[in-house]
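Trainee: The task is to assemble the complex, starting from two chains supplied on their own in separate frames and drawing on the hints.
Residue numbers (full-length UniProt numbering), protein chains in the order written: chain B, 1 to 330; chain W, 1 to 703.
To be clear, the hints were calculated from the coordinates, so they are not data collected in a lab.
In this text, a Cβ means the ideal position worked out from N, Cα and C, and glycines have one as well.
Check each hint, because a few of them may be wrong.
Each pair of labels, with its calculated beta carbon distance range [said to hold, decoys possible]:
hint	chain 1	residue 1	chain 2	residue 2	range
1	B	Glu66	W	Glu345	23 to 31 Å
2	B	Glu301	W	Gly348	50 to 58 Å
3	B	Pro206	W	Glu533	46 to 54 Å
4	B	Leu282	W	Glu121	54 to 62 Å
5	W	Gly348	B	Lys181	29 to 37 Å
6	B	Arg58	W	Thr338	37 to 45 Å
7	W	Gly468	B	Glu66	47 to 55 Å
8	W	Asp132	B	Leu282	40 to 48 Å
9	B	Arg58	W	Glu407	22 to 30 Å
10	W	Ala512	B	Ala251	45 to 53 Å
11	W	Ala475	B	Pro206	36 to 44 Å
12	W	Thr338	B	Asp247	19 to 27 Å
Here chain B is said to cover these stretches of chain W; the calculated rule only asks that three of the stretch's residues, wherever they fall, bring their Cβ under 8 Å from a Cβ of chain B [claimed, not checked]:
hint	segment
13	85–97
14	295–307
15	312–319
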Amino acid sequence: MYFQDLILTLQKHWADQGCIVTQSYDTEVGAGTMAPYTFLRALGPEPWNVAYVQPSRRPSDGRFGENPNRLFQHHQFQVILKPAPKNVQELYLESLRKVGMDPLEHDIRFVEDDWESPTLGAWGLGWEVWCDGMEVTQFTYFQQCGGFDCRPVSAELTYGLERLIMNLQNVENVYDIEWVKGVKYREVFHANEVEMSKYALHESDPQMLFTLFDAYEKECKRLIERHLPMPAYDYALKCSHTFNLLDARGAISVTERANFIKRVRDNARLCAEGYLQMRERLGYPLTKTPWTVGEQPPVLEGKPASDYWKTVQLNKPVEKKEKTEVARGA
Amino acid sequence: MARDLLLEVGAEEIPASFIVPALEDLKRVLAERMADARLKHGEVRTFGTPRRLAVLVRDVADTGEDITKEVLGPSAKAAFDAQGKPTKAAEKFAESLKLSVDALGRTTTAKGEYVSARVEEKGRPAEAILQDAMHAAVHGISFKKSMRWGDVDTAFARPVQWLVALLGDTELPVVLGDVKAGRTTYGHRFLAPGAITLKAPADYEAALEKAHVVADVAKRRAELLRKVNAAAKAAGAQLLEDDGLVDQVTNLVELPSPVVGSFEERHLDLPPEVLVQEMKSHQRYFSLTDANGKLLPRFIAVSNTPVRDEQLSLRGYQRVLAARLADGRFFFDEDRRTPLADRVEKLGRVVWQGQLGTYLEKVERFRALAGFLAQATGRAGEAATVERAATLSKADLVTGMVGEFPELQGVMGREYAKAGGEPDAVALAIFEHYLPRGAEDALPSQDAGALIGLADRLDSLCGIFAIGKAPSGAADPFALRRACLSIIRIVLGRGYRFSLSAAVDEALRLLAPKLANVKRKPGEAAPREQVLEFFRGRLKALWGEQHRTDVVEAVLAVGFDDLVAAKKRLEALSVLVGHSDFQPLAAAFKRVVNIVEKQGKDVAGGQTNPQRFTDEPEKNLHTAFTQARDKVGVHVRADDFASALKEITGLKPAVDTFFDKVMVMAEDKDLRENRIRFLTEIGALFNQVADFSKIQAETAAAA
Numbered sequence: 001m002y003f004q005d006l007i008l009t010l011q012k013h014w015a016d017q018g019c020i021v022t023q024s025y026d027t028e029v030g031a032g033t034m035a036p037y038t039f040l041r042a043l044g045p046e047p048w049n050v051a052y053v054q055p056s057r058r059p060s061d062g063r064f065g066e067n068p069n070r071l072f073q074h075h076q077f078q079v080i081l082k083p084a085p086k087n088v089q090e091l092y093l094e095s096l097r098k099v100g101m102d103p104l105e106h107d108i109r110f111v112e113d114d115w116e117s118p119t120l121g122a123w124g125l126g127w128e129v130w131c132d133g134m135e136v137t138q139f140t141y142f143q144q145c146g147g148f149d150c151r152p153v154s155a156e157l158t159y160g161l162e163r164l165i166m167n168l169q170n171v172e173n174v175y176d177i178e179w180v181k182g183v184k185y186r187e188v189f190h191a192n193e194v195e196m197s198k199y200a201l202h203e204s205d206p207q208m209l210f211t212l213f214d215a216y217e218k219e220c221k222r223l224i225e226r227h228l229p230m231p232a233y234d235y236a237l238k239c240s241h242t243f244n245l246l247d248a249r250g251a252i253s254v255t256e257r258a259n260f261i262k263r264v265r266d267n268a269r270l271c272a273e274g275y276l277q278m279r280e281r282l283g284y285p286l287t288k289t290p291w292t293v294g295e296q297p298p299v300l301e302g303k304p305a306s307d308y309w310k311t312v313q314l315n316k317p318v319e320k321k322e323k324t325e326v327a328r329g330a
Numbered sequence: 001m002a003r004d005l006l007l008e009v010g011a012e013e014i015p016a017s018f019i020v021p022a023l024e025d026l027k028r029v030l031a032e033r034m035a036d037a038r039l040k041h042g043e044v045r046t047f048g049t050p051r052r053l054a055v056l057v058r059d060v061a062d063t064g065e066d067i068t069k070e071v072l073g074p075s076a077k078a079a080f081d082a083q084g085k086p087t088k089a090a091e092k093f094a095e096s097l098k099l100s101v102d103a104l105g106r107t108t109t110a111k112g113e114y115v116s117a118r119v120e121e122k123g124r125p126a127e128a129i130l131q132d133a134m135h136a137a138v139h140g141i142s143f144k145k146s147m148r149w150g151d152v153d154t155a156f157a158r159p160v161q162w163l164v165a166l167l168g169d170t171e172l173p174v175v176l177g178d179v180k181a182g183r184t185t186y187g188h189r190f191l192a193p194g195a196i197t198l199k200a201p202a203d204y205e206a207a208l209e210k211a212h213v214v215a216d217v218a219k220r221r222a223e224l225l226r227k228v229n230a231a232a233k234a235a236g237a238q239l240l241e242d243d244g245l246v247d248q249v250t251n252l253v254e255l256p257s258p259v260v261g262s263f264e265e266r267h268l269d270l271p272p273e274v275l276v277q278e279m280k281s282h283q284r285y286f287s288l289t290d291a292n293g294k295l296l297p298r299f300i301a302v303s304n305t306p307v308r309d310e311q312l313s314l315r316g317y318q319r320v321l322a323a324r325l326a327d328g329r330f331f332f333d334e335d336r337r338t339p340l341a342d343r344v345e346k347l348g349r350v351v352w353q354g355q356l357g358t359y360l361e362k363v364e365r366f367r368a369l370a371g372f373l374a375q376a377t378g379r380a381g382e383a384a385t386v387e388r389a390a391t392l393s394k395a396d397l398v399t400g401m402v403g404e405f406p407e408l409q410g411v412m413g414r415e416y417a418k419a420g421g422e423p424d425a426v427a428l429a430i431f432e433h434y435l436p437r438g439a440e441d442a443l444p445s446q447d448a449g450a451l452i453g454l455a456d457r458l459d460s461l462c463g464i465f466a467i468g469k470a471p472s473g474a475a476d477p478f479a480l481r482r483a484c485l486s487i488i489r490i491v492l493g494r495g496y497r498f499s500l501s502a503a504v505d506e507a508l509r510l511l512a513p514k515l516a517n518v519k520r521k522p523g524e525a526a527p528r529e530q531v532l533e534f535f536r537g538r539l540k541a542l543w544g545e546q547h548r549t550d551v552v553e554a555v556l557a558v559g560f561d562d563l564v565a566a567k568k569r570l571e572a573l574s575v576l577v578g579h580s581d582f583q584p585l586a587a588a589f590k591r592v593v594n595i596v597e598k599q600g601k602d603v604a605g606g607q608t609n610p611q612r613f614t615d616e617p618e619k620n621l622h623t624a625f626t627q628a629r630d631k632v633g634v635h636v637r638a639d640d641f642a643s644a645l646k647e648i649t650g651l652k653p654a655v656d657t658f659f660d661k662v663m664v665m666a667e668d669k670d671l672r673e674n675r676i677r678f679l680t681e682i683g684a685l686f687n688q689v690a691d692f693s694k695i696q697a698e699t700a701a702a703a
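Next comes chain W alone, as it looks inside the complex (with noise of 0.2 Å):
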């Protein structure tokens, strides 16, 4: 008979930001144990509050599955000897698994024939099985951080106060720490402090939410959004939305209860990113604004507790409030009697990276590299915003909000330039070079801010990369990642033509001074190499989600230095490669880059002699691809590659009949080379938009 089974760790406020990987590691634990152990189980749940890890596995059975398993001895060979006799070694197989030489079979594998047993594996009771599975899990969470209570030696997120371990109607006995497990669950806090008594894992959720716990995240997170959306509304206002506080809050809080408070108007003319940092950063609240997304003189909290009387709540929250923007007010006033400029000097005095110097030093080389960049994308007009807006862009970084509230560096930058009467766009152009911040976020909207950008993380890339700190599995201090996506995202969204292997060379120019001591490990590839090999691994993840990785490989391994051009090229072979006319053609494509690779290389260069030609197919096909080279090459020059391609496989016909006709590999060594040359030549053209032979089809593979 299926019982149902329930794991519960109840514990002292565990940080929000914890609870769904919490029940991630819980849930994949438990399943995998029961798994191995080959028991059988319906639907699996999780549930989640501050107060609380659970999960709800329906229709466990009662014992796990038997299995017959084919055990393997040793070769049929050193088994039997010549009279077909059993050896000492197959008696000892026999005798490890407790039966009688005559029970012993044979079976052939691929690495020839072994003696063979077949074994019976009985399924362990359920009860054993999730004895062990539960203590499992519940020690095999993996918080952030985790920490020891009163006098136990045991971890975990915040102190363990109960366990419940129900099967059914029987308790299990699991051990976490200073607790044994039981029935007992604990409803809200304050609204049901008193011990609840589980008959059964299956009256869990409803047992919960009678003592005022909403246990199921989305459900809480659902009730959340609900309950505050119709606040908002009721307050003639609209919610600033932010999915990440909504998350936040649903695991702040047991049963979410909204209350609209108010601050002084007067407030509204601090920055409006300000005022969102004040009111979500320290206090959770949510902000809200009027029909056209302008922000209103109040908030919403979110109380984990449905008090009395709001009033009296509301009275606190709002107090809180108003010394956070009499703070925030204090900063602001205090950072806008110092002129932007003026602060450019202090940043000498904060280090950037200990080996590659301060914010000044690394201000100073990211605007010479802006500089560079503002030439080679041919925005050579733009270059004096850049030069003014690349000097004070990490200006704020010294004032007195931004070491407050670090999120809204670019965003002060921006008001501090303009209270300064900087231009408009020096002061747009400090905000964007921070674009985008997310894999979400949007991208500059000018070339000053995506030059300095550019400029910026490139400095980065290469400095730390030159001093031997490259990311190295989880390890990404500087994020340097999400760094280089922004590289690629802000050149292809901008669609910026330049050499990227030359500004490369170019930061590592301006860095050099400061690599002047720093030795290489032997056998590391140079700086250079492995920046560029690093953006190589970003595309090939980025461009991986929507392309097939073979065509991406295909068109990364004939250069991405014009990152604009290597995606043209990717998204047009893309569609060729969906047709199902391309596999035949694929093969005569490789056909041609085997012979390349196997024969290329033996043959001196040069170019190829159309008079040595004797057969017809071969000077038919020369005449097409000297034609098709010309078009081609108008085609690739106006980024036209679906155009390339279609000139390039329109050469398959000649391919094919060459391939039938002609004899590459003549007796005779001119004719023979002459031949070579000349698939070496149609290659190179292929190899204007992508190396086919990394492409994978059945029918290339059997060429």
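Pulled out of the complex, with its shape left as it was, chain B reads as follows (with noise of 0.2 Å):
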């Protein structure tokens, strides 16, 4: 299978089952998670399934093309279920076995990996999933998302695309993936780790990206005060993206580390809030929908947990929610 065969399949299987597929996020992301598609959307009472590949930045991860594994831009297969279906380990398993991966030939395991974010405020568990000791898939049942409680909760399910294929091709090196017949990964992609990690690593500006993160932030805020947390939250990122190319080029100090994370993750917290409010305006229009994927079943024992929202208050002006944000987060 060639990788683009890999993608195509994946698409295909969930696209299936009734995801949309998206096109990936248009600014640079550290993981799927941090596209809108995830970040928000896992957010207040609406259904929610999407598939979405999501080219992922890790600036730190950069090793100039000479490491068989790690890169400095990754791909992952991003899947989000919500409310997350009873059957959601069997249709992520349906997955696998399109792809190639027959779990009666390879040792498919769930192998418990709490995920936490502390630069989104969000927090989940599930597994890493193991093939023959490989872990080739995320699976996270998110839990909080910018301090808010995810009810009902969503799914994720992270593949990295590489490790996948890497298996299934039986390579030794990322760069002899074989993109197409007689493409390889090396060809498509190789000079881009090089220059990439040359930059992050050696190149950047620190005083030029300490300024921009200053006023991406700036403007973060005062979209949220406007009433745009969609734009605001392009300018979260960017700040996050920011913070990880100092972090990669050594620029930020241990102790000042906490801080640009915390400064991240405020502005995070505010664009869930704005988010929320904005859905909540519009009447949660999703809710109205018949959309759903996979299996249902009904709630048996005390109320449904997307009720929630019926009773939180996220109506207030945005100057003096953050106080209340902030209590209720804590």
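Mentor: Written out as structure tokens, the structure reads:
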């Protein structure tokens, strides 16, 4: 199976389940989770089922194209299923079968992994899925995003596309992956890796990046005040990427690090809140659709978790909201 | 007719470390609820795999037992008037129990006579009891971390997929989140994916066995170990023992299937600890050695599925390990480019604890303290090694390898120190200052590591106590209990003689600049006292495991500033206490101590005046005491507490005669006070070994 076929097969599988297939988000992110299709959509009571490839930039993982496994930019195949279907594990395993990973031929295992993103104020529990000892997917049930409870809970499946295909093509070096017949990963991305690593690790201008960070942060806050959470979130993402660049350059000391992370997280929280207010204003339109993926069993005890949003107060003015938000997020 | 009960919670893969504690919770709650409802039953067994937690209870009775209880009402005085007629209070009591007043009786308790009634309580049917009990049990498991799933508000370790609640052939209606109990379970995820309908609880284990699941944790562990050992043997190798890894892997699989793989031999020049850690911590592979314990370039991975073609999955296992070892090699090579000594400065940017400063500051403090301890313990010859090793001891925390594998702290310090040309003794001390890392771990083999380890831990203990963050309850974020136990074990193991309180004072003196602005809560003891009290608590717990608690307390009561001496006193006293003639002895001692305690404070201090003795028995006792005191002094200085005790116990006949014949509380004040002073001196002699009044003995109590 070629790299391209892996992507097409996964897309087809999840599209067949009823997911929408969107295109990669068009600003720099470190992971598929950070695209608004995940981070924002995981919030609130509305259903959401989506699959997309997300190029993910990790400046500090840049290895100048010399490491067989680590990359400045790798590709994640991201699936969000909300609410998480009862049979999500089965749907996932079916996708592995379709790409040629037969669980009777490979040792497929769900190994405990707690996921937490301090920059997003998000956490969840789940597993890293192993295929013959190699982590091929991060499988997470979101519990919180931007400091807000995820009710209902989304299942997030993050396939590491390069790792998966290396196993399927039985190659030891990421640059030996065959993208399509006759074209290798090396031809497509090696030069990019070399340049991006040089930039991130040696050439970037920390002074400019610090200035940009401050400017992006300010713009994000300003847009929040203007009740524009979507563009505000773009600037929160730019802050995050700028921070990653500074970190890779070794420009941020250990003590400053925590403070930068907090600044990114604070903005992500404000965006999450702004997004929830916007959806509430719109009347949570997706709740009126019959959109579901997979098995949706009835709630047998207590109330549905999504009822929570009927009682949450999100419509107060933004200025005052900051305090209540902190209290709730604490 | 007794029936069996099966409760099974089927879940998506539960973290390995959660399984055993969860089974204990499940069993405990279920058993408690059955006991409360007086529901008799037979054996209780648990089963657990990553996908299930189950309890099987044999021979459950059909109903709880009936009992007759006595209920107490108002006091007899209040319930009956002078004529013996029931009052309103009695009538109300009877009414509340739906009885007539005539049915009331009377019961005499320690507090007086009360009206009482005998009430019969019927046992409830097993179905009703168990339905509640199982609900409580499945909701009562406390996981380290739990989560919500789908659109339900319930939390569990991972989403619940199915429930089985069977009493005999009857399904009981138990609900958890979005799952309703039935009689359907599932076998191995891939080898037996279909539903399994259980006829009866007793079929459970066999049905799962057939479906490729070894449900009993102990059985699965034994099977794993047997298979892994067999695989090692077949490969001409030996398993590197690791109980923790066996436990973990046991609960990562439902059916253990080991395969032997290999890695490139060139990686064997990495430190063995690095290789073992690379295999174990991410991959959960077992390491293999030759007959001499030398690491081989082989490993065993344990699969959950016996795959069709082992070679195919093996390729995967090997590829992952190769990538990990390449990373490890990268760190090892990178790290060695910078000498350890050059990294020390960087510790100034790593915070150890907000108020107590950076690692660099901590290193400087405990380096000075280790020097102090080297002098105090008579190891001044080690001072140079201590100084150098202490300086470098934490430098590996800022290396890439320790960043990746925190478990390798100390190991990498040792390796990098060697690579940088430090003396072997320094390299060894860097590693050994972390020893012991747990209750089972070895102690440092050399003084330098031991002294640095003591100093590092004393600095942590004193610092954290001084800023008011002493451990409370289960919260001990700086692992101070373990640090304190390690200090005790090192001091005793290496036989260091020094004053513990002086060492604590020195540690606090070194910490003083950090503590200038710390305000103590009103009524809170000074840090020095808190730390020493903490030591007392640890010593009580540690020594209480092998010695009588009262004997431990008797020894600690007279001090533990010299830990080694305290331990010897304890051992000598324990032997003595074990003898049958100890009890009368203790009685005699206790009499002395009691009088001194009661009367001693009213008597001005000063020496006994032998000239003032009037009676023969007191003169005799004084002679015996004077001789014994000199000998006890000699024995104590020689650490021979058994002989010291022998001298002390030799005084018993003279003490007995004294108490029989001499009136301590004489009319004459001078005479009386002289005798009390004398007894005080005798008490002080005893106190060189222990406070005998703390020892509990029936005869001692009677005296």
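Trainee: Indicate, hint by hint, whether the structure satisfies it.
Mentor: Evaluation of the provided hints:
no.: 1; hint: Glu66(B) <-> Glu345(W): 23 to 31 Å; verdict: holds (30 Å)
no.: 2; hint: Glu301(B) <-> Gly348(W): 50 to 58 Å; verdict: holds (55 Å)
no.: 3; hint: Pro206(B) <-> Glu533(W): 46 to 54 Å; verdict: holds (51 Å)
no.: 4; hint: Leu282(B) <-> Glu121(W): 54 to 62 Å; verdict: holds (59 Å)
no.: 5; hint: Gly348(W) <-> Lys181(B): 29 to 37 Å; verdict: violated (56 Å)
no.: 6; hint: Arg58(B) <-> Thr338(W): 37 to 45 Å; verdict: violated (24 Å)
no.: 7; hint: Gly468(W) <-> Glu66(B): 47 to 55 Å; verdict: holds (51 Å)
no.: 8; hint: Asp132(W) <-> Leu282(B): 40 to 48 Å; verdict: holds (45 Å)
no.: 9; hint: Arg58(B) <-> Glu407(W): 22 to 30 Å; verdict: holds (25 Å)
no.: 10; hint: Ala512(W) <-> Ala251(B): 45 to 53 Å; verdict: violated (36 Å)
no.: 11; hint: Ala475(W) <-> Pro206(B): 36 to 44 Å; verdict: holds (40 Å)
no.: 12; hint: Thr338(W) <-> Asp247(B): 19 to 27 Å; verdict: holds (20 Å)
no.: 13; hint: 85–97; verdict: violated (count 0)
no.: 14; hint: 295–307; verdict: holds (count 5)
no.: 15; hint: 312–319; verdict: holds (count 7)
Violated hints for the displayed structure, listed by number in ascending order: 5, 6, 10 and 13.
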